[in-house]
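So the chains spell out like this:
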Amino acid sequence: MVLVLVDHENGEIDEASLQTVTYGRELATAAGEPLEALVVGDAGVAGELGAHGVATVHVAVHDAFTSFAPVAAARAASEVASRTGASVVLAAGSPRGNEVMAHLGALTDLPVAADCVTVTPGSPTQVVRARWGGSLIEEANLHGSPALVTLVPHTVAAEPGGSGAGEVAKFTPELADADLLVVAKQAEAADESSGVSLADAKVVVSGGRGVGSAEGFAPLEELAELLGGTIGCSRVVTGNGWRPHTEQVGQTGTKIAPDLYIACGISGATQHIAGCRNSKTMIVINTDPEAAIMGYADYAIIGDVGKVLPAIIEETRKAKAG
Amino acid sequence: MDVLVCIKRVPLSGGKFTITEDGLDIESAKLGFTISPHEEVAVEEAVRIAEKEGGSVTVLTLGPPDAEEQIREQMAIGADRGILIETDGQEWDPQGTASAIADAINADETDFDLIIMGNESADASGYQVGIRVAHKLGRPIATGVKGITIADGKATFERPVKTGRELYEMPLPAVVTVLDGLNIPRYPSVPGRIRAKKKPIERLNPERPQPKLEKTRLEVPAMKAKQAQVLGNGPDAAPAVVEIFKQIGVI
Ligand SMILES: Cc1cc2nc3c(=O)[nH]c(=O)nc-3n(C[C@H](O)[C@H](O)[C@H](O)COP(=O)(O)OP(=O)(O)OC[C@H]3O[C@@H](n4cnc5c(N)ncnc54)[C@H](O)[C@@H]3O)c2cc1C
Ligand SMILES: Nc1ncnc2c1ncn2[C@@H]1O[C@H](COP(=O)(O)O)[C@@H](O)[C@H]1O
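Residue numbers (numbering that gives the first Met the number 0), protein chains in the order written: chain A, 0 to 321; chain H, 0 to 250.
Isolated chain H, as found in the complex:
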């Protein structure tokens, strides 16, 4: 089984977001970067499949050259190779992203049996890149998945719904988008990190198409400005807490 996982580099905001002066980006000069939990579990699942079935795990991202950091992180937990579709740092819209990813997959020498994406990206949350890639490749896709079983060239995907669970069965090759909670991702080991430094990354440089979903401004939503009233320090605050319980009627 050769598995491809798509991940996206995003800033890790901490307690609040600050917007750049032009209103188009998150101020990220002082921030670290990460990927979505949906994508972390995607890589973990791919590594587990390759450990069980044999085969390889490739991690692909479309992002700035610095997104190499996110690929190396995932190599440290077991991905074998990387594909970095380099941008100048500007965001690509979902259609542009999906086209570039599909082109890269078509051009690659590996025929991926399974492509795993996040159900939605951490930042843009467009809920569509996976589905668009699947259509471009002419492969079936299940979304919002929290359980994957591979057997006899077929995949069974399990999706939680309000009424319980749904199952989707489809032939491989297929595409799937997954949710946080699919598994518990492992932490990278020190030898894993050392091995990751030597693994190959292929770089591609397609041109950014004109966005059809064109971001014009970002804004932090207005919230009731709050500052917690301190009821006290340590266990002595307990009676004051119980007063609040009474006031709001929970006891």
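In isolation and in its complexed conformation, chain A is listed as follows:
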């Protein structure tokens, strides 16, 4: 049996979880086994899962589950996995999915493979997983049963399918006091910034050490505004306090896939590229024609960003006016 841990927020199933259900269905079908799911707290979202091929939706009911409670959720998962004899337990490789799966691994003393793109069940289970924020791929053997795995979001698209009964089985997991020490309290929402968010922006004008200073970002802001985009930056920039960390692109920043990425004075370290490799078009401005980023970009201007950007801004204004 393949068991998928399904995350939800405000009555809606999380998209990465639905993708994981689709992947789980493929594994279950190939093995001729049923696909089951665990929903913690909100029984309302269970109904939808039948259409995705889920035979039984286990719903863990407990007072603790009005907010996110990762240890308690893992305890519920451990109970269902052992009761049903699951051979594979999957969750989304999201912050919550990885967290609950790691707790499940700790509670059961089983290994966990996080951020996988391929899972081949067996003994051992074989996985292919992302390292270094996706800059490297690892093949690994995962010993032990059930195989505990999280999947990189967008490994497959979420698609309804299969003929699941979607039967709902409610249960109350046995929780220890310690399981209830870690429970999220909702804080007031962060200030809504007025501009486009980095993650969703179509155009990102990004600066690195070569921009030289916080003030050096003024022309980047001007160009971003002209193109209806937003600002990104490298870690050198956030480390120097020139821009806030919310604008950092990369392995420990935000991962983006804009239509256009303009990299100004950025060398192209693998950890930066990990955040922008899926840009549709990349233009770079750099004084160094040998910079590593040339190997990832579509177009390059060799030159000083402080001189090149004002010229681009002027030409862009002319083009927009004409």
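These are calculated hints, taken from the structure and not from any lab test.
This one's a predicted model, so the numbers in the text were calculated from it and none came from an experiment.
Each hint can be trusted.
Quick list of the computed label-pair ranges, beta carbon to beta carbon: (1) A/G121 x H/Q228: 43 to 51 Å; (2) A/V195 x H/Q246: 15 to 23 Å; (3) A/E289 x H/I193: 30 to 38 Å; (4) H/E206 x A/E8: 42 to 50 Å; (5) H/E242 x A/A217: 20 to 28 Å; (6) H/P220 x A/S196: 25 to 33 Å; (7) H/S27 x A/A164: 51 to 59 Å; (8) H/P190 x A/D176: 41 to 49 Å; (9) H/A28 x A/S122: 30 to 38 Å; (10) A/S196 x H/S188: 36 to 44 Å; (11) H/G163 x A/V195: 17 to 25 Å; (12) H/R192 x A/T28: 58 to 66 Å.
Built from N, CA and C at the ideal position, the CB exists for glycine as well.
Once you have looked at the hints, place chain H with the ligands on chain A.
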């Protein structure tokens, strides 16, 4: 407050990774080494807590003897002592790593009030060593944290989520995993570096358990081979850039 921070020595790749012939490691002969930004902010936070509340900062790593370099770097910004769990250079899997770290913590004479880890390591990115250590020690843990407040024997951890922020409140001692952006780490000073040379490091030598998550091969993912088309040198290239803007429809 006695704080322990766990850091991991990793190669700094620059523009691309090269894999060793046996397919199991990154070719690192010509590379420098570093730790994850998540762990840099962890040490900075620990030093700030000790400066404010008093107490000590210990840095622990499981790695080759050369990982002393990473401990000394963090001592230069203010950590007081180090624990180096020595390996022969082979990677340990997350369970083996967490067991060895928990054993070292249990055996230590200091009762750490707070243990800070990275949310995920730079290289293996397993998202689990912190959580496994917390379970072994029987302590609560919050993950993915970008704000720490300590008051009255309690910790409040702030975690950014899609919908805004979540708060986790728990009694100390506790464990927390943190994210880059928690603070801006300071640069080591020259006197800091000199002091670091004299600070104590304790070395442990447990045996590597058989990995249950067993790496069998590393590979650089295939990418569309690209080489940027040079549009020109200096400001004269501006019209060609604007042509591209038009072609791809951003103006
Ligand atoms: C685990 C880990 C995670 C990391 N995560 C991230 C991350 O999320 N994001 C990130 O960005 N980095 C990250 N880093 C850091 C990364 O390794 C690099 O140090 C960083 O990306 C370099 O930033 P940079 O390109 O701005 O600076 P540099 O590498 O110093 O490059 C500056 C570039 O600017 C050019 N230049 C200089 N002057 C000019 C000028 N006047 N005009 C035009 N060009 C000029 C130079 O030729 C050079 O190419 C991480 C590192 C590690 C170890
Ligand atoms: N070899 C190691 N030595 C010390 N700390 C480690 C080691 N491996 C992992 N950690 C800690 O655990 C965190 C998460 O690692 P991981 O579970 O591999 O993603 C890291 O950011 C470190 O704080």
